[in-house]
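Engineer: Sequence:
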Amino acid sequence: MACICRYCKNIQTEQLFETIDIFQNKWAICKCNICNAFFISPEPKQDQLKLAYDYAYYGECENKFIFSVEKFIDYFRRRKAKYIASLIPENAKVLDLGCGNGRFLRHLSTFGNYDLHGLEIEGASAERACKIKEIKLRVKSLKQNDYPDSSFDVITLFHVFEHIDNPKETLVIIKNILKKDGLLVVSFPNIAGWQAKIFKGKWYHLDPPRHLFFLDSVDFINVMEGFGFILVQKNWFSFEQNPYGWIQSCLNLMCNKREVLYERLKGNNSYAPEYRTFNIFFQKLFFIFTLPFFILLDIAESVFGKSATVRLTFRKK
63 MACICRYCKN IQTEQLFETI DIFQNKWAIC KCNICNAFFI SPEPKQDQLK
113 LAYDYAYYGE CENKFIFSVE KFIDYFRRRK AKYIASLIPE NAKVLDLGCG
163 NGRFLRHLST FGNYDLHGLE IEGASAERAC KIKEIKLRVK SLKQNDYPDS
213 SFDVITLFHV FEHIDNPKET LVIIKNILKK DGLLVVSFPN IAGWQAKIFK
263 GKWYHLDPPR HLFFLDSVDF INVMEGFGFI LVQKNWFSFE QNPYGWIQSC
313 LNLMCNKREV LYERLKGNNS YAPEYRTFNI FFQKLFFIFT LPFFILLDIA
363 ESVFGKSATV RLTFRKK
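Under the working numbering, the first residue of the sequence shown is numbered 63, with each subsequent residue one higher.
For the record, the hints were derived by calculation from the structure and aren't laboratory data.
Here a beta-carbon is modelled for each residue, glycine too, at the ideal position from N, C-alpha and C.
Treat each hint with caution, since some may be false.
FRET-style restraints, in silico, Cβ to Cβ [said to hold, decoys possible]: (1) E336 <-> V201: 34 to 40 Å; (2) Q86 <-> F348: 21 to 27 Å; (3) R141 <-> D227: 42 to 48 Å; (4) K242 <-> K71: 25 to 31 Å; (5) D109 <-> P354: 39 to 45 Å; (6) T352 <-> I292: 38 to 44 Å; (7) F343 <-> E287: 47 to 53 Å; (8) I292 <-> S148: 14 to 20 Å; (9) N238 <-> V280: 24 to 30 Å; (10) F366 <-> F138: 36 to 42 Å.
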C-alpha cells in the first residue's frame with residue numbers, strides 16, 4: 063500500500079528505512095517524491111499517540127527531567143528568551159506554540175514588558191504552564207479562528223513543528239495571525255544532517271511516533287518563502303540538542319531498546335527494567351566521557367550545515 067505524504071497528500075512516495083519506537087512498534091520512514099517531505103508511516107492511531115504522550119513522556123516528577131538536567135535545559139530556555147528579546151520591541155505580543163511547561167515564556171518576561179501567550183496540548187506540561195501567572199495559556203491545538211488575524215509580533219515553535227499532524231494548515235494559520243514584519247522562529251530536527259544519515263532508524267531525533275513529519279532546511283525555507291516570509295537568520299549549533307543526539311543515537315545502536323538513558327534522565331525508571339543498574343551506569347559513563355568529543359563534532363557538523371537540529375528565523379513580508 064502506498065504511503066500518503068503528510069504534507070502535500072501525494073502518493074508518489076518511497077519507503078527509506080524502518081524504525082522502532084519505545085513501545086516496540088515498527089514504523090516506516092518515507093519520503094515524498096513531489097515535495098521532498100519525510101514522514102512516518104502508517105499514520106499513528108489515536109490510542110498510540112495517547113500512549114506516546116502519556117505522563118511518562120512529560121516526566122513523572124515536578125519537572126520533565128531530573129533536577130540537574132532540568133537546570134541545564136533551563137539555562138538554554140533563558141538563552142532563547144534573550145535571543146527573542148533582542149529582536150522585538152517593548153510591549154510586543156508573543157505566541158509560543160507548544161509552550162511546554164511555560165518556562166521559556168517566563169524567562170522572556172524578565173527581559174521586558176511583553177504580552178505573552180502560550181498554546182499547549184493537554185498533559186502534565188500544560189498543568190505546569192498553568193501555574194505561571196505571566197502567561198495567557200490555552201490548552202488545545204492551534205485551529206483557525208483561535209486568534210484574530212495580525213495578532214502577534216513574534217511566534218515561536220521550538221521543536222514543535224515535527225509533532226503537528228496538519229503542518230500545511232498550521233503554516234497558513236501562523237501566516238494569518240502574525241503581523242506584517244512579524245517574526246517566526248522555528249527549530250526542528252535536521253533530516254538532512256549527518257546524524258540522520260548515519261543512524262537512520264536509530265537516530266535519536268526520529269522519536270517515533272511523536273515526530274510525524276520532517277522537511278530539510280532548504281525545503282522548509284522554500285516553503286516559507288512561498289508563504290511570503292524572508293529568512294533572517296539560520297543557526298545550526300545547539301549545545302542543548304546536538305551532542306546528546308550523537309550520544310543517544312550511539313547508545314540506540316548498542317541497545318535493543320531506544321532512548322533508555324533519555325528515559326532515565328526523565329526519572330522514568332519503569333521503562334526497560336531489564337537494563338540493570340550497572341548497564342545504566344555504563345551508559346552514563348559513556349555520556350560523560352564522549353560528550354567533549356561530540357561537542358567538537360557538533361561544531362564541525364554545524365560549519366557544514368549538517369547538524370542534528372536547526373533554528374530558522376523568518377520575517378513576514
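Engineer: Does each hint fit the structure? Answer for all of them.
Structural biologist: Results for each hint:
At about 36 Å, the beta-carbon gap between E336 and V201 stays in the expected band of 34 to 40 Å. Here the CB-CB span from Q86 to F348 is close to 23 Å, well matched to the stated 21 to 27 Å. Separation of R141 from D227 is about 30 Å and departs from the stated range, judged on CB atoms against 42 to 48 Å. Separated by about 30 Å at the C-beta atoms, K242 and K71 satisfy the suggested range of 25 to 31 Å.
Evaluation of the 39 to 45 Å hint for D109 and P354 yields a pass: the beta carbon distance comes to about 42 Å. For the hinted restraint 38 to 44 Å between T352 and I292, the CB-CB distance of approximately 39 Å keeps it satisfied. Separated by about 49 Å at the C-beta atoms, F343 and E287 satisfy the suggested range of 47 to 53 Å. Distance hint check for I292 and S148: the Cβ-Cβ separation is about 18 Å, which falls inside the suggested range of 14 to 20 Å.
Taking 24 to 30 Å as the suggested C-beta distance range, the pair N238 and V280 conforms, at roughly 25 Å. A C-beta distance of roughly 23 Å is found between F366 and F138, which places it outside the suggested range of 36 to 42 Å.
Hint check: violations occur at hints 3 and 10; the rest are consistent with the structure.
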